[in-house]
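Peer 1: Could you put together the complete structure from these sequences and hints?
Order-wise, the sequence lines are chains Y, Z, P and V. The first sequence begins at 18 in my numbering and counts up one residue at a time. The second sequence begins at 18 in my numbering and counts up one residue at a time. The third sequence begins at 239 in my numbering and counts up one residue at a time. The fourth sequence begins at 239 in my numbering and counts up one residue at a time.
Worth flagging that the hints you see were computed from the coordinates, not collected in a lab. What you are looking at is a predicted structure, and each value in this text was computed from that prediction instead of being measured. Be careful, since some hints might not be right.
Listed next, the in silico DSSO-like pairs over lysine-lysine satisfying Cα-Cα at most 27 Å (straight line) [said to hold, decoys possible]:
(1) K327(Y) to K242(V)
(2) K517(V) to K568(P)
(3) K289(Y) to K559(P)
(4) K431(P) to K461(P)
The following label-pair restraints were derived from C-beta to C-beta distances [unchecked claim]:
(5) D526(V) to H279(Y): 21 to 31 Å
(6) R369(Z) to D385(V): 30 to 40 Å
(7) R62(Z) to K568(V): 22 to 32 Å
(8) V330(Z) to N174(Y): 57 to 67 Å
(9) D405(V) to R185(Z): 15 to 25 Å
(10) P151(Z) to G626(P): 46 to 56 Å
(11) R348(Z) to Q301(P): 47 to 57 Å
(12) G434(P) to R348(Z): 52 to 62 Å
(13) G434(P) to D526(V): 56 to 66 Å
(14) A376(V) to R62(Z): 43 to 53 Å
(15) A197(Z) to P408(Y): 31 to 41 Å
(16) R282(V) to P628(P): 47 to 57 Å
Which stretches of chain P does chain Z cover? Using the computed rule of at least three CB atoms under 8 Å from a CB of chain Z, they are [what the hints assert, rightly or not]:
(17) 520 to 526
(18) 537 to 544
Just so it is clear, CB atoms sit at the ideal spot from N, CA and C, and this is done for glycine as well.
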Amino acid sequence: MDFRDSPEDAAFRQEVRDFLRTELPHDLRAADDAILGVGIGEDERERDWLKTLAKRGWVAPAWPKAYGGAGLSVMQQFVFNEEMARAAAPRPNFLAIGLAGPTIIVHGTEEQKREHLSGILSGENFWCQGFSEPGAGSDLASLQTRAVEDGDDYIINGQKIWTSGAHRSQRMMLLARTEADAPKHKGISYFLLNMQSPGITVRPLTNMADTPSFNEVFFDNVRVPKSDMLGELNRGWYVATTTLDFERSGIINGVSLQRLVHELAAFVRERKDVRDDVGLESVRHELADRAIEAEISIVLSYRVVTMQTKGIVPNQEASITKLFGSELAQRIARTGVKLGGLYGQLRQGSPRAPLNGRLDALYRIAIGSTLAGGTSEIQRGVIAQRGLGMPRG
Amino acid sequence: MDFRDSPEDAAFRQEVRDFLRTELPHDLRAADDAILGVGIGEDERERDWLKTLAKRGWVAPAWPKAYGGAGLSVMQQFVFNEEMARAAAPRPNFLAIGLAGPTIIVHGTEEQKREHLSGILSGENFWCQGFSEPGAGSDLASLQTRAVEDGDDYIINGQKIWTSGAHRSQRMMLLARTEADAPKHKGISYFLLNMQSPGITVRPLTNMADTPSFNEVFFDNVRVPKSDMLGELNRGWYVATTTLDFERSGIINGVSLQRLVHELAAFVRERKDVRDDVGLESVRHELADRAIEAEISIVLSYRVVTMQTKGIVPNQEASITKLFGSELAQRIARTGVKLGGLYGQLRQGSPRAPLNGRLDALYRIAIGSTLAGGTSEIQRGVIAQRGLGMPRG
Amino acid sequence: MRFKFTDEQEAFRGEVNAFLKDALPSDWEGADNAIDDESYEFGREFLKKLAPQRWIAPAWPKQYGGLELSHWDQVVYNEAMGYARAPIVNTAAVGYLGPTIILYGNDEQKAQHLPGITSGEVVWCQGYSEPNSGSDLASLQTRAVADGDEFILNGQKIWTSQAHYADWMFVIARTDPDAPKHRGISYFLMDMKTPGVSVRPLINMANGEGFNEVFFDNVRIPKTGLLGELNRGWYIATTTLDFERSALGGSAGVQRTLEDLTRFAKAESDGAGGRLWDKPLVRHALADLWVSLDVTKMLSYRVVSMQARGLVPNYEASIIKVFSTDLIQKQARVGLGIMGLYGGLWGDGPWAKLRGRLAKSYVATVGTAIAGGTTEIQRNIIAQRGLGLPRQ
Amino acid sequence: MRFKFTDEQEAFRGEVNAFLKDALPSDWEGADNAIDDESYEFGREFLKKLAPQRWIAPAWPKQYGGLELSHWDQVVYNEAMGYARAPIVNTAAVGYLGPTIILYGNDEQKAQHLPGITSGEVVWCQGYSEPNSGSDLASLQTRAVADGDEFILNGQKIWTSQAHYADWMFVIARTDPDAPKHRGISYFLMDMKTPGVSVRPLINMANGEGFNEVFFDNVRIPKTGLLGELNRGWYIATTTLDFERSALGGSAGVQRTLEDLTRFAKAESDGAGGRLWDKPLVRHALADLWVSLDVTKMLSYRVVSMQARGLVPNYEASIIKVFSTDLIQKQARVGLGIMGLYGGLWGDGPWAKLRGRLAKSYVATVGTAIAGGTTEIQRNIIAQRGLGLPRQ
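Peer 2: Now the structure itself:
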């Protein structure tokens, strides 16, 4: 067992670190992005930074070189993501780079790859994920949105919910039912829907996390050409599992959390009034606990990525990592707003908000993180089953 | 609403307090008893104290005066118990005074009352409760011990478990099945079993709490005369519910817990090395939390006793009181052994054990208190049902 | 001992409830934590409806527009208002300022200010906190310098609730910079329309502009605006006032939300053919909230019982603060966990369950835990006064 | 990065397991936390079986009877021993004293003492703590006064594990009362049979006599019993020794108990037609224990990885202490809650499930949490060294 980077990984880490030190403008460094997970948007300077990344193939470092990526190994991707987080560098949009692109690379025709991949890599095209529907809960395959064949098109009717970023997306990864009578997993097709098509209505869901905002998306006789179907007719669920696999294999990056804990420590070191208000010992112990936990989160994610590197599928190991990380994010947020005192409640953007309002953002988002991508309850179920050998609950 | 003693209750409280101050020898004061719940045993000086109590009718203050009690109201009993706990006075054995006696007073014949009550009041006769059996869990009525008629006797065969104090008892409140084919609640009879009868074997269950020790009791063709049956044949379950009602109406006495918290505070005030070891602020805050909770426990028990006084049956109010009190006892124990440092782990009797080893005793007993008399889970079920209007879980 | 409200008190509760049924819209689901213009306007209108009953400041002496309500009646009143989630406006004036004027004000000041409060016409904000003064309020830096018949005020306040809506502010400022810090402070009554006063909102998490910064740039306050003696303002500001009863019965709102949450768990599917409230984890979580609520309620009643007997609650009041803050935060977290993604929605959309109340509570409680003394400070009070542990 | 043991390490694990299968009775359920005469005798016999493999002190240099086992091999060894719940005897000699003698002892001392340890013949106890010295060990009061070829020892030690069984004690005592407190202490090797030594057991909760008080009444130690230089004993006692590897892989025992507990939950009825492990509350509780166990294991591996690379773990080791202590206590509490009344039973009776292991662990952990630095102290280390917060 060895907890060290291999010599090659260490060299790569150094390369990324050097690159970030020399190329990333200092005022673009902000941990907000790593926490919020929004990704680079329309900001001009961030778009310049995206071009800098593109020169190395580091916009989509996991993609094969043939499609404009860097073909990094699983471990190198992890190292890359760690260093980006440590430097608080703005990152390309995950939905496009991490989900849509890789799914198209696996299942797309040559035309589809040509049409979509470059727009994703340039950061011009945002994507959203049209999987969830109201009432379906965690059983995604019970979706009701219909796609009916009509000449060269399909006509879509129905509704999606919890669609992050739908309001600014050019395309949607859309699942719709193309065969009503088939078993639920076998009548679904996967479309690369143009969000400018007539009949689409996007309505924001006002929520406490605000960013990335959730939306409802309504389809009223929306036409999607057959050429925008990804994979085969009625085989869309299998294409979707590829997307979901990419989504699930995302590893909680303990480095962002650790960075935040250290920023909190710095905040406390500087602010005597804060220390006085909450009592120094409480502060010490609470921060110490969070620091411990952030380190644990890092070690746990190392294990998952090491397993993936070897082609082993992490089961309860992934669940433990996710459970621990998401609950830790909540604890850090609570510790943070508590230490921030009255200032801790100020919103991002308020000039008096400590840590540029990241406490506020994390506090509002972290409560959702135990829900998104499998609630804590589900993770505990996996652990009971795979770790302790209990039957399904 | 008024949280004060009524003038009568206040006068009575003062009377008890004066009595305890003048009559209770100082070196008999020890909170151990209140925590352990053993009651006065064979100790000569404690027996003298029992006689002092007897002069006022305060051995069994709840019993009617006709039977040697003081006929106190529910509230007066509570006040009496509080003052006894505050003074850390040794108390008469609860199984005999609190359960066996009152049940006999309700259901016994004149002969049975004559035979048993005076031995209970004098402290000569100890009683144990032969209800639980292995495998029956919380469904007491599923008991398997058989009593078969044979001339003027019944012959008992079977086994009981968790029988506190069986090793030193003269009598047992015994439930046995007298009609095998009847519905389970309707074939049970209630016996006042002489523990000196041949065929009884008492085997201690070695357990971490040690005192009051649990036992198994085995019956091998034990003869009990028909005159020792309490109540009617096959109606024993209804007699038993009387006993169980007396058992359940026992109110957790927050004063014992509060006393312990104050003793802990005194211990910390005196012992600088303890404060240094655990850090003063931690100590302060942890003790403050326990002090708060002890006061809450007291207030909650006041409410229950007030309801009883008015003839209202406390439902979720009793469950809340019990749940909070028993979990609090555990927290106080944990706080206590932690603050005691290495000394906190020493057993009762060890000269270096702080607070005369009461920390040790409480720590070992408190973990069981969430099980005895309805586990915390059951209490939460009652609260969900009666407090929040949910269906049975 | 008595653990029941009297028949008279229950009758009074019925009277308040009947009024509320009349005064609030039939589909009233409650005021939001976040104050916006519309809800604020609604609150001011509601004040006007309260005024004829003398229910704006019911604890005040009758001669100043109150009813001299007993402590227990005030609990009944607050519980009814809290359970109905009636709008809350001008609490600082009713709870702090009015009683302070009654105690320290001269006749002119009483005549000028008290009727406006009890009629619901004039709304006040409180100017105590300053940036970086932390919990040591007395270290304030705002200066007031005498100039003829006026004082000239310069400096800044922070965390001023509803300053942007308020008509007047009661404000403390340093009038003798050379005196020991507690002895050079005076207490002023200031019209917010005075030139030189500017307000900048502090956007807090709850999406509301509840808090503000207020800046004073050569603001001229007439000498009639000085309350009590010069340089004695600190002692006026820190007087414990028997009229502050707004906290009594405050758990009624928590109870209503818990009932809402239970209804939610009853209505929603558990995804396995049952209802959410069949799940043991949900049942236990809600039962634990009920226990905490019950505990908090009992503790408040005890404090009221003490006050009603003329005793001054000491650490007993601190205990409530610790518990109720914790309860509201726990309720928000547990509630959001039970509600899933839907819990995070707010606004009027069809998916926002319980109108986003739990989400709003989750973010609003960040401030609550701090305001009025942190939990740690309360614990220290208990350790010291309740247990006799040494000061730190 | 590598998260797997090598094939060689796994082969070594097999070797240790095969040995244990042979050396322990077939129905071996594990050593008890509480040591009694019988189990102690069994432990000493077990030591004799380990000796031929050089497995008593496998990390020691070969010339002194060890195998110079690598850190990772030691983890494998400890995990196998821990999971088998093999008896633990003489750890102070193997972990602390032996390496100290190797470093500071003269040739005679090495020849006299080391072979007895690696052969399993001689058992040692540690005489550091004194009453009221708390965590400030250096404030010790036991005196050693030179007298001809001897030192005369007077005073008292406390918390001396297994003093009543030990053959020898390594003990620190004050030899210069006028020097600053760290500079007047010397380090002695003392035969427990020396006249004037008396042992009094401290009965602890676990019902065992693990701890003792040891009294010295004019105990004469020959000058050959002085280890290292006079008055330099404090520095010897506090040397961090690279040979102390007994803690590595310590979570294996916790894992076994968790597996036992899971089996219990599988076997027992839930009283409603199912098994205990069907109850969501039980499932979640056990899953949470598994997470904590896994976390503790990962943390230990990280420390080993550092040590294997020659780095000195600092607060990383403190972290493990905090977590594993908490884990064992939590496991005991959760386990007792799941097991109900049966969990509290111990001994060999038919109703004592898992042989009362959880009950014993519940009471035994009271000492664990304190020994070796309280959790609070560990947290302070992390706050200071890991986060740069100011000292208190």
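Peer 1: Are the hints correct? Go through all of them and say.
Peer 2: Outcome of the hint check:
Restraint check for K327(Y) and K242(V): the C-alpha separation of about 11 Å stays at or below 27 Å, so the hint holds. Of the supplied pair hints, the one linking K517(V) and K568(P) holds, its CA atoms being roughly 24 Å apart against a limit of 27 Å. With a CA separation close to 25 Å, the supplied pair K289(Y) and K559(P) stays within the 27 Å bound. Simply put, K431(P) and K461(P) have alpha-carbon atoms about 17 Å apart, close enough for the 27 Å limit, and the pair holds.
The beta-carbon spacing between D526(V) and H279(Y), approximately 27 Å, falls within the hinted interval of 21 to 31 Å. A C-beta distance of roughly 31 Å is found between R369(Z) and D385(V), which places it inside the suggested range of 30 to 40 Å. At roughly 43 Å, the beta carbons of R62(Z) and K568(V) sit outside the given window of 22 to 32 Å. Separated by about 58 Å at the C-beta atoms, V330(Z) and N174(Y) satisfy the suggested range of 57 to 67 Å.
At roughly 43 Å, the beta-carbon separation of D405(V) and R185(Z) lies outside the given 15 to 25 Å, and the hint is violated. The beta-carbon spacing between P151(Z) and G626(P), approximately 49 Å, falls within the hinted interval of 46 to 56 Å. Taken as a hint, the range 47 to 57 Å holds for the pair R348(Z) and Q301(P), whose Cβ atoms sit roughly 50 Å apart. Between G434(P) and R348(Z) the beta carbon distance is about 55 Å. The supplied range of 52 to 62 Å therefore holds.
In this structure, G434(P) and D526(V) meet the distance hint of 56 to 66 Å, their C-beta atoms being roughly 59 Å apart. Checked against the hint of 43 to 53 Å, the pair A376(V) and R62(Z) passes, with Cβ atoms roughly 46 Å apart. The supplied range of 31 to 41 Å is met by A197(Z) and P408(Y), whose beta-carbon atoms lie about 37 Å from each other. Between R282(V) and P628(P) the CB atoms are about 49 Å apart, so this pair conforms to the stated range of 47 to 57 Å.
Counting residues of the region 520 to 526 of chain P whose beta carbon lies closer than 8 Å to any beta carbon of chain Z gives 5, which meets the minimum of three for the stated coverage. Counting residues of the region 537 to 544 of chain P whose CB lies closer than 8 Å to any CB of chain Z gives 6, which reaches the minimum of 3, so the coverage claim holds.
Hint compliance for this structure: hints 7 and 9 are not met, and every other hint is.
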